[in-house]
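J.: Turn these sequences into a full structure, and let the hints steer you where they fit.
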Amino acid sequence: MNKLTKQLLSLGLSAVTVAGMVTPVLADGEVPTTELEATEVTDQPTENVPGNELVMKSITLQITKDGKTSSTSLDVDVNATDDYVTSYIVANCVPEGYVIDGKGAASSLYKVSDNEWQMVLVKMEEQKPEVSQVYNLDIVYKYENRTEQKTFTVDDGSDDVYSYIQKHFIPEGYSSGVCWEKDPTTRTYEVEICKYQQITYQVFVDGLANGEVSDYNMPAVYTNKQIEECLARNVMPGYDFVKTTQKGNHWNVYFETPKKDNENFTLIINKDGKETESKITISKADQIAYGNIEQYLVINYLPDGYHIDYDQYGTKGIFSIGTNMFKMYLAKNENSSKSKTFTLVLTKFDEEYNPNTTLEGATVEYHTFEFDSSMDGILEYMTKKYLPKGYMWQIGATPDTEVFRFAAYKLNQEYGVASAKIYSVEFLDSETNEKITPNTHTLFLYGEDRNKVNASELGEIPKGYIPVKDSYKVVEENGNLVVRVYLKKGEYQIPVSVKFFEEQNGKLVSVKPTTPFKKSAQEFDLNKNGSIDQNEIQKYIPEGYCFNNGFYPRDFTFGEFYVSSLNLEYVLVRKSSVVESEESKNIASIQNKDVTTILTDSLTKDQKKKVETALNDGKKVDFKPIIQNGVNKSDEKVLLAYVDDNKYNVVNAFDIEIQLYVDDKNEGLITQTTKGLTFTVAIPENLKKEGRKFYVLRLHDGKIDKLEVSTEGTFTTDKFSSYMLVYEDVATPTTSETKPEVKPNTGTTTTKTDTKKDNTVKKDVKKNKKVNTSTKTSSTLFTGLLGVSIVGLGAVEVLRRRNK
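Letter by letter, the sequence shown follows residues 1 to 804 in the working numbering.
Among these hints, one or two may not hold up.
What the hints assert, rightly or not - Here are the simulated distance ranges between beta carbons:
| # | residue 1 | residue 2 | range |
| --- | --- | --- | --- |
| 1 | 77 | 422 | 22 to 32 angstroms |
| 2 | 304 | 176 | 34 to 44 angstroms |
| 3 | 692 | 337 | 52 to 62 angstroms |
Unchecked claim - List of simulated lysine-lysine pairs, DSBU-like, C-alpha gap at most 30 angstroms:
| # | residue 1 | residue 2 |
| --- | --- | --- |
| 4 | 385 | 274 |
| 5 | 620 | 675 |
| 6 | 225 | 332 |
| 7 | 539 | 518 |
| 8 | 518 | 507 |
Quick caveat, the hints were computed from the structure, so don't treat them as lab data.
What you are looking at is a predicted structure, and each value in this text was computed from that prediction instead of being measured.
The C-beta atom is built at its ideal place from N, Cα and C for all residues, glycine as well.
T.: Structure representation (structure tokens):
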């Protein structure tokens with residue numbers, strides 16, 4: 001995860017996770033502090049807190065075995081980790097002769113919610129034998145700055161890959177964290193492990209003991225201050241932290257029931273290796289207006305020249321400790337003494353966020369600013385300076401080297417961030433009444449509680465099934481909202497609605513036709529690869545438009561589950577056009593439809609800025625290719641000297657340049673393209689013969705390159721300057737037949753000056769160039785036709801008739 005992503009997450013990037021999205025993690029470096037006094041707690045009452053007596057929590061385990069599903073209840077410590085619960089279930093709930101279905105299939109034993117797990121079992125002999133596979137493993141030693149590579153084989157009938165890694169590659173004294181399949185193509189897994197120290201702790205709420213003494217594995221590198229911080233953040237979320245006391249490896253952690261509508265908080269700022277603590281007040285209105293307290297702190301308490309410090313393990317940042325305390329780790333912005341110009345393209349949604357939020361009507365703002373080229377603290381700078389109060393970052397950043405494209409949505413000023421209602425969805429076969437999938441699916445819907453859910457709102461439908469009804473009833477069971485969806489076998493045609501937008505006067509509006517067109521996802525999927533991408537949408541774009549890739553393109557992939565419906569929205573921009581002067585039309589014309597893509601990619605940074613600004617303002621952008629016979633006198637001299645040295649014969653000389661016009665203003669030349677363009681030269685038939693090879697000599701920035709010319713008369717170039725078509729005989733002619741001598745025609749001019757190519761603006765090309773259109777030889781008059789066509793640009797035209 002990169003720095004920008006971490007920063008966006010800390011500021012409430014996702015509406016669903018907003019205030020609690022900053023995961024409870026710790027600093028990895030020692031924080032200067034005074035050690036806590038070792039205090040033996042002997043006089044504290046040990047009875048449970050009234051109203052909070054659940055020391056253990058009950059978990060329902062749904063077990064699917066022999067085609068039937070049953071349930072059992074498990075009592076575990078309220079602070080038990082998912083790893084502990086998994087181990088407990090495997091050790092105590094798998095009967096003899098059965099195994100968890102699949103090898104490495106995480107979906108066969110999984111957590112549905114805090115109080116529900118599911119497991120699918122099969123008989124040992126029913127498991128399909130699998131070929132032994134060789135796997136690679138990267139072991140990352142957290143906090144030790146080292147990795148280790150291993151190779152191992154999992155045999156038939158043995159553990160799944162994850163279990164095998166846990167059993168064989170976790171050293172004693174280490175605990176494992178994230179384990180995942182890093183690269184399926186090479187069967188490479190990665191596991192993160194950490195050397196730990198074990199402590200015990202006792203929680204007290206409002207002065208009374210809560211639960212029993214519990215164990216906690218802390219990273220061995222943690223200081224007492226970091227251990228305290230970890231306990232304060234994790235063991236009793238939703239309560240106000242008070243203090244800890246410690247003796248040896250035992251800790252007592254004290255909390256209080258939070259006050260309703262609290263406006264008083266403690267803020268701890270870790271800056272320059274020192275921590276300062278202060279009491280601050282944040283009104284309820286501001287807590288709502290800023291979306292969450294973290295964003296309020298960044299905007300109002302982050303000093304200039306600093307940014308939120310996120311270390312490589314995610315143990316720092318900005319986070320809450322309980323509900324009444326917040327902490328910010330700060331780092332100084334790097335000062336490279338070199339500033340750059342950046343642009344923020346801010347798309348604002350003037351409504352609360354939900355999954356159906358549309359781009360239509362969103363406003364687009366452009367903010368250009370100077371900032372240090374290191375970009376340290378640039379997100380915090382944009383948040384403080386450009387994010388309006390009452391808005392929250394929503395859509396992820398799409399930054400390039402100079403442009404950031406962010407989106408923000410408006411907060412509800414009564415309750416702040418919009419929250420979703422959670423529904424548990426069960427898919428059932430309408431004929432057998434059995435579950436189609438063993439797991440329960442979670443559905444998030446915004447607004448008031450529903451008494452029914454439409455089939456189009458289900459989010460996903462198992463592949464190979466279709467709904468039997470348009471809507472399904474919602475029932476409440478054990479405090480959960482449950483939707484039982486009956487399906488029948490069939491191929492579900494995923495309804496897809498596509499709509500295009502463009503920016504006009506700072507707003508995103510529909511591109512005509514304004515009504516979205518609808519097809520099934522299967523109809524869009526032309527190459528039948530299970531996805532809809534921009535290439536498959538391309539054919540439906542209205543004439544004269546192309547994708548604006550900076551505006552959140554929404555592609556879609558469908559696999560084992562089909563979405564119940566899909567709305568795809570794309571922001572388009574008007575295409576740049578290619579316009580030739582009347583003089584150029586007599587020489588060459590452009591036919592290829594991809595010309596703007598090639599030329600736009602080849603613009604300088606300054607030109608790109610001007611083009612992007614012009615297109616966003618609805619102004620026109622034109623590319624003007626100009627091809628003329630003849631080259632300037634100084635270039636001709638250099639080229640002819642090269643010809644003499646290599647004993648070539650000259651056919652003709654010509655010049656190619658491409659000019660950029662923005663809103664009818666000449667913005668310079670495109671002297672080089674990122675992709676080579678192929679030109680065709682029309683070679684007179686009486687010059688062609690066996691053993692004769694043709695070349696194009698290119699003079700650009702004082703350097704001559706010899707470009708091969710194919711038998712079809714094509715050559716490829718990515719630089720635009722002075723050219724000369726020449727030939728040489730590489731084989732001895734086998735016939736005595738001779739052809740009229742062709743003397744070189746270089747289009748010599750008397751008024752041209754040295755026009756070394758750069759991207760400076762030419763005020764009037766016609767004034768700078770004069771072309772000789774007729775040159776007679778001493779005895780023989782040869783009329784040659786030199787046609788230069790731009791294959792890459794699509795132009796095939798006769799340049800100019802010449803006498804030779």
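J.: Against each hint, give a clear statement of whether it holds in the structure.
T.: Quick rundown of the hints versus the structure:
A hinted range of 22 to 32 angstroms holds for the C-beta pair residue 77 and residue 422, which are about 25 angstroms apart. Range check, residue 304 to residue 176: Cβ separation about 42 angstroms, and the 34 to 44 angstroms hint holds. Between residue 692 and residue 337 the beta carbon distance is about 60 angstroms. The supplied range of 52 to 62 angstroms therefore holds. Of the pairs offered as hints, the one joining residue 385 and residue 274 holds, with about 27 angstroms between alpha carbons and a cut-off of 30 angstroms not exceeded.
Note on residue 620 and residue 675: the hinted pairing holds, with a Cα-Cα distance of about 24 angstroms set against a maximum of 30 angstroms. For the suggested pair residue 225 and residue 332, the alpha carbons sit about 23 angstroms apart, so the restraint of at most 30 angstroms is met. With a C-alpha separation of about 14 angstroms, the suggested pair residue 539 and residue 518 falls inside the 30 angstroms cut-off, and the hint holds. Of the pairs offered as hints, the one joining residue 518 and residue 507 holds, with about 24 angstroms between alpha carbons and a cut-off of 30 angstroms not exceeded.
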